[in-house]
Amino acid sequence: MVAWIEYVLQFFPTDNLLIYIIIFAIIVIIAAIVNIVWPGDRPPRYIAKTLKEPKKKEKKEKVKKPKVIKKEVIEEKVKEVAEEVEEVGEKIEEKVEEIVEEEVKEEAEEVEEVGEKIEEKVEEIVEEEVKEEAEEVKDVAEDIEEEVGEIVEEEVKEEAEEIEEEVEEIKTAPSEDEDESENRVKSWLNQEKSHRKEK
Amino acid sequence: MGWFPNILKGIIYMGVYITTTMVVPFLTFTWVKEIQVLGVAIVLEQGQYERIIFWISAFGLLISACAFFNYSSPKQSIRKASFALIQILLNCLYIWSYKFSGATEVKFEIVFEVTNVGFIAIDVQNMVMLYMGVYFLTILLKGYDLIDFILNRDKIRQKRYKITEEGVDVS
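Protein chains in written order, with the working numbering: chain A, 12 to 210; chain B, 16 to 186.
If you're looking for bench data, these hints aren't it; they were derived computationally from the structure.
The structure displayed is predicted, hence computed values, not measured ones.
Even for Gly, the Cβ is constructed at its ideal location relative to N, Cα and C.
Treat the hints with caution; some may be incorrect.
Sample of chain B residues lacking proximity to chain A, with all beta carbon distances greater than 12 angstroms (derived) [what the hints assert, rightly or not]: (1) G17; (2) V31; (3) T35; (4) T45; (5) F84; (6) S88; (7) I110; (8) F115; (9) I137; (10) L161.
Only part of the chain B face toward chain A is listed, based on derived beta-carbon distances under 8 angstroms [what the hints assert, rightly or not]: (11) N21; (12) I22; (13) Y28; (14) P40; (15) F41; (16) A80; (17) C81; (18) S92; (19) R94; (20) C107; (21) M147; (22) V149; (23) R172.
Just chain A, with the same shape it has in the complex (with noise of 0.2 angstroms):
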């Protein structure tokens, strides 16, 4: 019992009694505010405010309690229930329609792009196969040019040469009349022409 008094007595100051004047003016100062604000007659309001909470609820429960209703009012209330689920179901169903219609158009536009894209990527692959197709033809025609212009120069060399052969026959060959000659030799020619022409 005394053993701690002594410890404690150490830790005191011994010449400055100005000290103990100071804590014993905090102590008191404390000790006024603390008590006027929190008097003790009166919950803290954090207190005050968990506790106010159950009252509350018990009205709230009070006003939830079954009251005695009569068939007529029930089936009055059940009526215009019963007409303001059906004016809300129609509605519900006008703006379905509504929201469907507005789908439906949406869908159509977005396939009407669809469709013109995809149409206009068709021109564009047929105009290209057109194009490849077209240069196709166009070495074939000029293969097939060089050919026939080869094959007629062929023939036509032939054909001089017969020509030539049957000119120098016409010259070589005993002949009543020069100018019959070259009148035959002439429409021969023109025969000749005429067929080169037709081919």
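Once you have looked at the hints, place chain B on chain A.
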């Protein structure tokens, strides 16, 4: 009970403690310092008079401040119990200060005219120790109160604020 009665109560008790722990001992020792009995001057030889007064004043101030806090606090509050316990501990120190400052072994020199006839010594250490025993029991009681107030905090609040199932009676 509002704040004003509490503060007034605290001030009254603080005055009582200032009187009993500071004023009365100060006057007593000052009076005893030089007293004459049948014309014979009994001089307080104790050179530690100032030391006694210092410790009486120091602990008297602390005890009085704690008494103000204690008695201005609401009943059964934790702060009241806390400061009551602190006050008792300071009372122990206060009583003990009588002992270590030499006030429990006061020597009075008997001076007759100029000559020193002899001295009278008063030893009150046993009385101090008796008080310490009483204070020990009081410390136990105050400690019990403090624990009780802490543990039964909700019940005390329900009683104090008249809390019913419907809520708090704030009025």
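Hints, one by one, checked against the model:
1. G17: G17(B) is in fact no farther than 12 angstroms from some Cβ atom of chain A, at 6 angstroms.
2. V31: 15 angstroms, holds
3. T35: 16 angstroms, holds
4. T45: 17 angstroms, holds
5. F84: 4 angstroms, violated
6. S88: Contrary to the label, S88(B) does not stay out of reach of chain A, its closest Cβ about 6 angstroms off (not over 12 angstroms).
7. I110: I110(B) is in fact no farther than 12 angstroms from some Cβ atom of chain A, at 9 angstroms.
8. F115: Answer for F115(B): violated, closest chain A Cβ roughly 7 angstroms.
9. I137: Per Cβ check, I137(B) is outside 12 angstroms of chain A; nearest 21 angstroms; holds.
10. L161: The claim holds: L161(B) sits with its nearest Cβ about 16 angstroms from chain A, beyond 12 angstroms.
11. N21: 5 angstroms, holds
12. I22: This interface hint holds because 6 angstroms falls under the 8 angstroms limit.
13. Y28: At about 11 angstroms, which exceeds the 8 angstroms cut-off, the nearest Cβ of chain A leaves the hint on Y28(B) violated.
14. P40: 15 angstroms, violated
15. F41: 13 angstroms, violated
16. A80: 4 angstroms, holds
17. C81: 7 angstroms, holds
18. S92: 6 angstroms, holds
19. R94: Interface hint status for R94(B): holds (7 angstroms vs cutoff 8 angstroms).
20. C107: Check passed: Cβ of C107(B) comes within 6 angstroms of chain A, closer than 8 angstroms.
21. M147: Cβ of M147(B) sits 6 angstroms from chain A, so the hint holds.
22. V149: 11 angstroms, violated
23. R172: 7 angstroms, holds
The structure fails to meet hints 1, 5, 6, 7, 8, 13, 14, 15, 22 from the earlier list, while all remaining hints are met.
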